[in-house]
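For this one, chain B is given, so just place chain H on it according to the hints.
Protein chains: 2
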Amino acid sequence: MLRNLTKSKCLRTHCLRNKLVASHGTLPLLHRLHFSGQVQQTYLFNVSNANYNSLHKYPNISRKFISTEAEKVTTESSKFGRKLVIASSLVLGAAVVFATLDYKHAESKAKEYENKESPSILKRGGPKNLPIATHLIDERDFDINKPRLVILGSGWGAISVIKGLEKDKYHITVISPQNYFLFTPLLPSATVGTLETRSLLEPVRSLIKGISAHFLEAKATDICFNDKLIELSPVDESSEPFYVPYDKLVIAVGSLSNTFGIEGMEYCHFLKTINDARKIRKKIMDNFEKASLPTTPPKERKSLLSFVVCGGGPTGVEFAAELYDFLTEDVVRYFPSILRNEVQVSIIQGQDHILNTYDAKISDFAEKKFRRDNINVVTNARVQKIEPNHIIYKMKKSEDVKELDYGLVLWSTGIDMNPLTKTISEKLEDQKNTRALITDNRLRLKGVSDSSVYAIGDCSTIENPKLVQQLMQFFIDADKDKNGRLSYNEFQALAKKIGRRYPITKSYLKKADTLFARYDQDKSGTLELEELRTMFEDIDKKLTSLPATAQVAYQQGKYLGKKLNQIATAQKTKIFPPPSDYSVNTDNPESDVDDLLPPFSYAHFGSLAYIGNAAVADFGTGWTWMGGLPAVYLWRSVYFSEQVSFRTRALLALDWSKRCLFGRDISKF
Amino acid sequence: MLRNLTKSKCLRTHCLRNKLVASHGTLPLLHRLHFSGQVQQTYLFNVSNANYNSLHKYPNISRKFISTEAEKVTTESSKFGRKLVIASSLVLGAAVVFATLDYKHAESKAKEYENKESPSILKRGGPKNLPIATHLIDERDFDINKPRLVILGSGWGAISVIKGLEKDKYHITVISPQNYFLFTPLLPSATVGTLETRSLLEPVRSLIKGISAHFLEAKATDICFNDKLIELSPVDESSEPFYVPYDKLVIAVGSLSNTFGIEGMEYCHFLKTINDARKIRKKIMDNFEKASLPTTPPKERKSLLSFVVCGGGPTGVEFAAELYDFLTEDVVRYFPSILRNEVQVSIIQGQDHILNTYDAKISDFAEKKFRRDNINVVTNARVQKIEPNHIIYKMKKSEDVKELDYGLVLWSTGIDMNPLTKTISEKLEDQKNTRALITDNRLRLKGVSDSSVYAIGDCSTIENPKLVQQLMQFFIDADKDKNGRLSYNEFQALAKKIGRRYPITKSYLKKADTLFARYDQDKSGTLELEELRTMFEDIDKKLTSLPATAQVAYQQGKYLGKKLNQIATAQKTKIFPPPSDYSVNTDNPESDVDDLLPPFSYAHFGSLAYIGNAAVADFGTGWTWMGGLPAVYLWRSVYFSEQVSFRTRALLALDWSKRCLFGRDISKF
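As you go down the protein sequences, you meet chains B and H in turn.
Just so we're aligned: 524 in our numbering is position 524 of the first sequence, and the numbers increase by one with no gaps anywhere.
Just so we're aligned: 306 in our numbering is position 306 of the second sequence, and the numbers increase by one with no gaps anywhere.
Any given hint could be a false lead.
It does not matter which identical chain is meant; a pair holds if it fits inside one copy or across any two.
As the list claims (entries may be wrong) - Below, simulated PhoX-like cross-link-like pairs (lysine-lysine); rule was C-alpha separation at most 20 Å, straight line:
#, residue 1, residue 2
1, K282, K219
2, K397, K385
3, K668, K219
4, K209, K668
5, K541, K209
6, K299, K283
7, K668, K282
8, K279, K558
9, K668, K279
10, K219, K283
11, K427, K248
12, K496, K506
13, K299, K123
14, K422, K272
No lab work stands behind these hints, which were simulated from the structure alone.
Remember, predicted model here, so these are calculated numbers, not experimental data.
The shape of chain B in the complex, shown without the other chains:
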């Protein structure tokens, strides 16, 4: 025993030394692990960028070596060999990693925790007289000397706020019924096993470690804005609800799928959560296995193998594409060949085209690709009802009512409010009858006066400015020479000012000269009040809400995280930002720092979609890209770079490799 332990220690020291060598630029590195009588040899030759540099230092040795060997064996070839060498390098690499970087840090870790006592019993209060969690389980009162920031949610918006926050500015608590962040754009890939579900997840607890935040797994059911309390329920609802107090609150709870009140939604699958993806994967395998039974009648088999997607947006389209990949790459390999003939993938889309928010060229490309792949694309059709085994839809133009048997139907159209946002909108006067929480362009929830509540992501929408309503104010301010009309210079300054105050108008006010020329209808060389009114009315009409996408939520979170840092600093140091174009209510800076900081401004970086061995990208400025392999790599590399942690990035790369080495896993569980 002792002997083994000593040896294991030597072993680790030995490995450690070797690894240090590796991390600083050695070209070939030889590992030998000796232990307990038998010698286990492992060899790892490892080159990172740093190593590549060292390669340059020894060009004669290494390059010559490469070419000699290469010439020797170029003539031989074998598909198996090719696969084997790549796979074995993966395995060897992995084996070396686990053989060297392992173990025993655990015991020292275990000693780290301090022996803290349990906290005292929580006081009750608030409108429902529930326990108020003034301190969390490992906190004393003196631990809490900073403003309390609570973030509801663990999606794109919430995670982006978290990543932007600095340590020690706030006492931060993140609350969500899911203890992980889900990389939603790749969810369609998880439905058929191209990616593993866990590769799309990152635990919230690991994301908040850097800012020493707390996490509570609970569902927010209500918010008392007056008392600044959030009402929470434990997810299993086995114990009493409780309150968590806040000074600043970020609502980033996302949305539900919009069912448009259609009957039969209980037969549909959705694709919003990781469990949705799991259920779909299991259902697909269920259907294939059932279709493979000798007793399944041909009609039922066709019905089992009919996959219907309602909604031609990116999620629906990507699911159809992944399904098609799965059929052509894996089903043909493992299942009775007859099944492949009987599979039918259909997309039912209410609009003229699938991917209708993308450039028309892209919709067209995707539709053509799908038709080539025998994916049944039905456009201009409205789903009327979903029965247990078939779906009923009506063609918009001809008013024909059609039926389609299905084995699985995915519902992926539009978004709806979730229970918490519904409750909030019923509670606040300014939020009545909306389809999302309305915020100003500083992302502050309308109806809460003290800038203590923000809402971001799918659950919110930014109220557009009504320029016309501020016409007089703008006109008077801009008319510097007080001559009752705006010269071009005066208008240019105004356009810039409006653009800074309402970033969403920027794109419409960008070309001040053409705008000025167009609305100066009497060609007087100046803009009169009525001419400016016409311009403002036209702009007001053109303004639309931002789409409910991960990109918007992420940018909002980033903006908010940065702003919250600035607010905390200003309030602590009492140094406030100077008033600027975008400042509002500048009379008392201390009362609301938010008013002095710039509003949120969205920059569209483009939209992507995978359409099955091909991908499309719309960069929003008329520039599009569609194509096969290179576009697929663009699609992958964008998502690869957007990962929230190194861990998920590595897992993603491994999953893509796994799939292409071994195919998808068809195990059903």
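Same frame as chain B, now just chain H:
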């Protein structure tokens, strides 16, 4: 588009060439991937065993190179750098794989399937007049011209038979309610996320591809031995049961957990299936999240964090060890520190020691290790009842009844028959009142006379020979000189013969000389009939059943697969194996080839168990090994080598690496 395609083709050709080089022994290999205007450079240096040989060819270059580099950088060190270089080489390696080995084979695949028609409607028959699946969905009558071999199950036994079968000997159908093989020995690692669940699975359809077998996902509910029909139900029971005919049948359906009729089993978790592991993982995370809520009272928190294992066998012990690893490595990192103090892992064992089937030294080592780790080991205790929140057990010696609060209880003691084996045992006269299906030592099910049914693995047990019952026969045969007593030579020949006929007796008959001396009580130099009777009686008493382990099932499957090949060949060629010592009923070889072939012989290769940063091994011959890191590597490498496919082997290595780079995933879903 066209441009892109051409480029992608070039890319693939280019990679292909490089990879072929790699597969034949180049030492450093340089990959450059250029595409789409941008240059993406990736470098992979890769050494497999083949490459090691080439290393020897150039000892001067490579070794010198290593040492120079090593000396240069040994002084620098950084933990981050170390992790980064290993991780990035993993990711880079993976990226290269997916960048090179990818895509476009799909479309050609899709063309491969033939346009077969659907089969005609199945005829009905059998005792219940159900449809008989004489042909499967992509078969015509003329496809089936070989004996039908049906394998029930997809566990160790079944998979081992499949791996041993040759193509074209039988029309093979594998039937199981699970469409995957599960690597059960590593199941405890999946409960806390050390390994991912899918890494333990291999789809049956991929395992049977090589022998062109068919797979049906269904549950066998009964067997009509007279009509040679298996009654099957689809797993979701939504459609009618049906029959599948067989000529040879292998029953390898495994077992259930034995609950010993104890009350409250509905509150227990088991650890037999992959879903069990998933449920446990979710429950553990549930409990930790709930314990982290500020409103959970200290008493309830302690109860939530009390994990109780009933049963001190390898599964229970390994689960406790994995749980302990999880606590010390991950819980302390992410959860409030107070939780670590309140966690309690307990093992309740009915016997004197945990791991009681292992060598006493090993039990002792494991118990000491566990006590050091503060795992609460309770031995000599019998569980009496399980209540929703606490477990009641009685100490065997003192008769004290004790209670233990729990947040999760794992039941892992003993095995019980599953519904199919129960049905069979009630049906056959020879199988009444048994705890497993009884087979002869050729693994043929007792009670079925025509050698058409075999049973292997946990669901079966081999009937031990009663040597005494055959005493006269053996004595007469052995007494060559017919003098009424056995000389040492005659006895030696007899011992050898018995050993060959009943391999299980081999170890008792091994030392013929000492045996002869011990039982020659009158020191006559010969063995009389009565002396032989005493010896046989003693041996009969010592014989025990084989344990219900993966190792036994695997060896039985291997034996059976080989034998089934031999039987098919013999029946086709009409060339039968010559009679031998182990042959029985040799009169009509044609009637039953099985009788001429050797019986099953088990060779114990040892037992392993992981006990948390340490492992133990019992090699069965008194040789044991226990210790820290080296033993853990032995444990890992044994399981690594036992994987049924290259795929699971790679996944296993990756999982081990993942865990040590990133820790376990604490996402709960």
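Open item on the list: For a quick check of understanding: which of the numbered hints are violated here, in increasing order?
Closed with: Numbers 5 and 8, in rising order.
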